[in-house]
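Top line first, the protein sequences correspond to chains A and B. The numbering of the first sequence is the working numbering, which starts it at 1 and goes up by one. The numbering of the second sequence is the working numbering, which starts it at 1 and goes up by one.
In short, the hints are calculated from the structure, not lab data. Check the hints yourself; a few may be wrong.
[What the hints assert, rightly or not] Pairs of lysine-lysine, DSBU-like flavour, derived with a Cα cap of 35 Å: (1) B/LYS119 with B/LYS365; (2) A/LYS59 with B/LYS369; (3) A/LYS158 with B/LYS551; (4) B/LYS84 with A/LYS67; (5) B/LYS469 with B/LYS409; (6) A/LYS160 with B/LYS296; (7) A/LYS158 with B/LYS296; (8) B/LYS119 with B/LYS469; (9) B/LYS84 with A/LYS158; (10) B/LYS263 with A/LYS160.
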Amino acid sequence: MLRYSAIRILLLIPIIICVTFIIYWLVDLAPGTVVDTMINEDMTEEDIAALYARYDLDKPMIVRYGKYMWGLLHGDLGSSQISGLTVWSQFSSRWPNTLWLALFSVILGTVVAIPLGIFAAKHAGSIWDNLTTAFTMIGISMPSFWLGLMLLIWFAGKLKIFPAAYDGTWRAFVLPVFANGFAMIAGICRQTRSAILEVSRADFLRTARAKGVPERQVTYRHELGNAWIPIITQIGALIGITLGGSAVIEAVYSWPGVGYMLVEAIQRRDSVLACGTVILNCIIHAVVLLAVDLIYAAVDPRIKSAYIGKKKKRKVTA
Amino acid sequence: MKKALCLILSLVLCIGLFAGCGGKTEAPKTDTPATEAPAKEEGSKEPVLINTGGAVTEAGAAETTPPPKEAEYYDELRMYIGDKVAIIDPMNPAAGGTQLGIIDHLAYDSLVYYTIDGKYEPCLATEWSANDDATVWTFKLREGVKFHNGEPFTADDVVFTEQFSTDKDHSGNSVGNAFQYVDKVEANGDYEVTFTLSRGNVDFIYNVANPCTVIVNREAYESGDEHAGWIGTGPFKIVDMVPNDSITYEAFEDYWGEKPLCKKFTQRYIAEETARNIMLENDEIDFCNVSGQYIKQYSEDPRFVINSYVMNNLNYVAFNMSKPITGDINFRLACAYALDREEILDIALDGYGAVCETGAYWGYKTAYKNYDIPAWEQDLDKAKEYLAKSPYNGEKMTICALAMPQTSKAAQAIQNQLANIGITCEIETFDSPGMVAATSWDANDKDFIVTSGALSPLGDSIRTLVTPKNNNNKAKYDNPEVMELVNKAAATPDGPERQEMYYKIQQIMHDELPYYGTFHMALYIAGQKGTGGTIFFPTNFHDYGLAYRLKNPE
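Please model the entire structure based on the sequences and the hints provided.
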C-alpha cells in the first residue's frame, strides 16, 4: 500500500510537467501578455520595451518556462507578475475559503443524495423513481451560475435572509454551498441509484433476505456496503474538482477562493500565478484521488485482500 | 437500423452544437438594418442627471453639496470599487487602471489639486511659478505635512518620487508618466523644488495635479517596507488589502487638510452586477455604480441618491490608415456618412450617454473643443457615392472590438450600418490585453478598431492618438503637421494662439478622418440616502476624501 502510494505521488511529477507546460503555452498563445495589461497611453516605446524585458517577454516561451521550472525545482512557485506576492501566499490565503465551500457542498450533496438514490432504487420504476430522476436531471442540466443568481435574487434580494456577497459569516456560506451542492446531489444520487440497482440482483442479498435479515439491514449493510465503490469514486472526483475552486460560484458570490483567482490570473496573463495555482490544484487533486483509493480498500475487503495478496505473492516469489 | 438512426441523430446534434459556437459575427446580407434600435423613451437620450445630493457642474461632472454642520455621520463607509485591484503601489506599472485615481485621492496627495471646475488649488505645494517658456517650474511646499508612517514631508520626497518613478527599472508607472519630460529636479532647501523640463510645457501643472501623480515617502521605499507603496499623505491610510477583493482604510489623524468625516472606509470589488445591486438595496454598501438599465428604478427609489456624469473618454472607430482600403479618404467618408451615432449609442448603452458632438476626435469637455466642426450626419446616398469612388470591391473587412458590452454592441451596430451601403465586415473581439497586443503599432492589421479612448481635460491629451508608434494611435495616423501643432500648442500659454492651434488640429483630423467619434458614456453612482461629499470627475478619478453618510438624513 505504501509502495502504491509512493508510486502515485511520483507519478505527479510528469503530470505537473505536462500540465504546467500546457498552461504556460496556452497563456502564451492567448493574444496579449501581462505587459499589455499595464500599458497606458502615456507610456513611451522605451517604457514598453523595458517592461517586456523585465518580465522576460523578449525571450522565447520555452526559455521562460525553463526558468520557471528551474525555480520550481528549488521549491519556488514564483511570485505573481501583477501583485508581486508569492503564489504560495496568495494561494494559502484563499484556499481555506475554497476548502470550506467544497467540504460543505460535498457534505450537503452526500447527505441528501445517498438516501435519495437508495430511495429511488428501492422504488425503481415507480412514480417516486421518475420524480427523483426528473429532479436529478434538472440538477445536472441547470447551469450553476443561473441557480446561483436565482438563489441570490430570492434569498439575498427579495427575502433578505442571506448576504449577497462573502462577508466572513456562516450566513455567507449558505447560498454558495447550496448552489454548489445542488449539482452534486444530482450526480451522486444518480450514481447511488444505479449502483444499488446493480447490486440488488446479487445472490447474497436473496440469501440474506431468505435468512430473515431485516430489510433495513439488507439495504444499508449489504446493498450499500457493496455499492460504495462507484459512489466513493464520484464523491472523490467531485471533491477534487471543487477543491480546485468553482470559478463561477466564486464570481457570483464574490467568494475569495482559488477558482476565481485562477481565472483572474489567466485574464491578466499572469502565467506564474496561473501555473503555480494549477500545480497546487494538481497536487490536491492527486492527494484526494489517492485518498479515494485508500478508502476503497477500507470499505471493500476484496480490494484490501487484493493489495495484501500482491504483497504475499511478491514475498513467495522472492 | 436502430444503430444507424442513433448515429444520424448524434451527428445532427453535434452539428447543431457546433453551429452555435461560431467565433466571428457575420453581418446579415441585407439592405435593411438587422438590429433595430430599442424603442426610445421620452428623454432617454440624455443621461439622467439627477444628483439629489448636490449640483451638476458645467464640466458634466457631479459635485455634492457640503454636509450640514453638527450632523451625525456613520463611522464607516463602504463602496463598490469598479475594477479589481491586485496591488497598491503608485510606483508599480501593474497598479494601473481607473480605480487608481480613486485610491490615490484617498491615500495620497499630489503637489497641486485639480478642481472639478478646472482650477488649480494648493495641495502639497502652496505656491508655484514657471518661467516664460514653461521649461522651469518651481513649487513651494507645505510645511508640517506628515506621511502615514509618521515621516515628515519634505522636498527630498518630491525629488525621490520623480527620480524613482522615472528610473528605467520602474518604467511605466503612473507617477513617472507625469515626469516624462523632466530633465532635472532639484530641492532648494526642505520646502522648495524646481523641475527643469526638456521642452516647454504649460500643462506641466496639470501633470503634477493629476491625482495619479502622488508623492511617496523616500524612507518607506528605501527601508524596504513591504507596504511602502501604501504610504502617502492623504486623508486615509491603507490598513488592509485583499488582492482583487477589498481595500480597507482608516482616517489619518495627522492629516494636514480637512479631516475625513468617517473613521473607516472600505472598498470592495463585486464581480456580479446582480450581487452588487442587491447589496446596495440591502444597505450592505453605501456607494455603487449602477448601469443605465437600472437607473430609472433607482432614481425613483427614495432610499437612494443618484450621481451621474458623462465621461470625458470618447468611444470611437479608428480607421487603419496604413491599409489600402481604410487608408483611402473616400472609403472613410463613405463610412462616416453610413454611420448613425445616435443609433450606435442606443444599441450600445440604451441611449445612456452623449453622442459625439463634433466631427473631430476630442474629449467631452476637453479644453479648446471646436464646436464649429459639424458632426457627421448619416446620409446613405452620399455614403454610396463615396464608396463607389473608393478602392473597395466587396472585400470582407475586419472590425476589432474590445470585449466589453458597450463596445461589442457598438461594433455590431457599426457592422450593420456599414452593411447598409454594402460593406461587409466580421467582428473580432478581444479582452483588454488581447486588444492592446492586436492593435499595437506594429501588429495592427485590422481595418476598423472599435474601442474607447482616454482623454483628459487637456487639449494635449490628443497627443498619444496622433503620435506615430504610440500604442494609443489605433489608426496608425502619421501627420507631421499635426504633430508639430501638438508640440507647439503644448508650449504656448493659454490664449487665442493656442486655441487656434488646437482648432486647426481638430479641423485637420476632421478632414483626414482617422477617427470617427461615436459617443461618450454616462456613468451613474448610486448612494444610500444621506450620502454625499464625493466629487465625481469625468476622468473617473473621483474624490471620496470628504465622503459622508448622515445618520438622520431627514
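Consistency of the hints with the structure:
{"no.": "1", "hint": "B/LYS119 with B/LYS365", "verdict": "holds, 14 Å"}
{"no.": "2", "hint": "A/LYS59 with B/LYS369", "verdict": "violated, 45 Å"}
{"no.": "3", "hint": "A/LYS158 with B/LYS551", "verdict": "holds, 25 Å"}
{"no.": "4", "hint": "B/LYS84 with A/LYS67", "verdict": "holds, 29 Å"}
{"no.": "5", "hint": "B/LYS469 with B/LYS409", "verdict": "holds, 28 Å"}
{"no.": "6", "hint": "A/LYS160 with B/LYS296", "verdict": "holds, 22 Å"}
{"no.": "7", "hint": "A/LYS158 with B/LYS296", "verdict": "holds, 19 Å"}
{"no.": "8", "hint": "B/LYS119 with B/LYS469", "verdict": "holds, 33 Å"}
{"no.": "9", "hint": "B/LYS84 with A/LYS158", "verdict": "holds, 28 Å"}
{"no.": "10", "hint": "B/LYS263 with A/LYS160", "verdict": "holds, 27 Å"}
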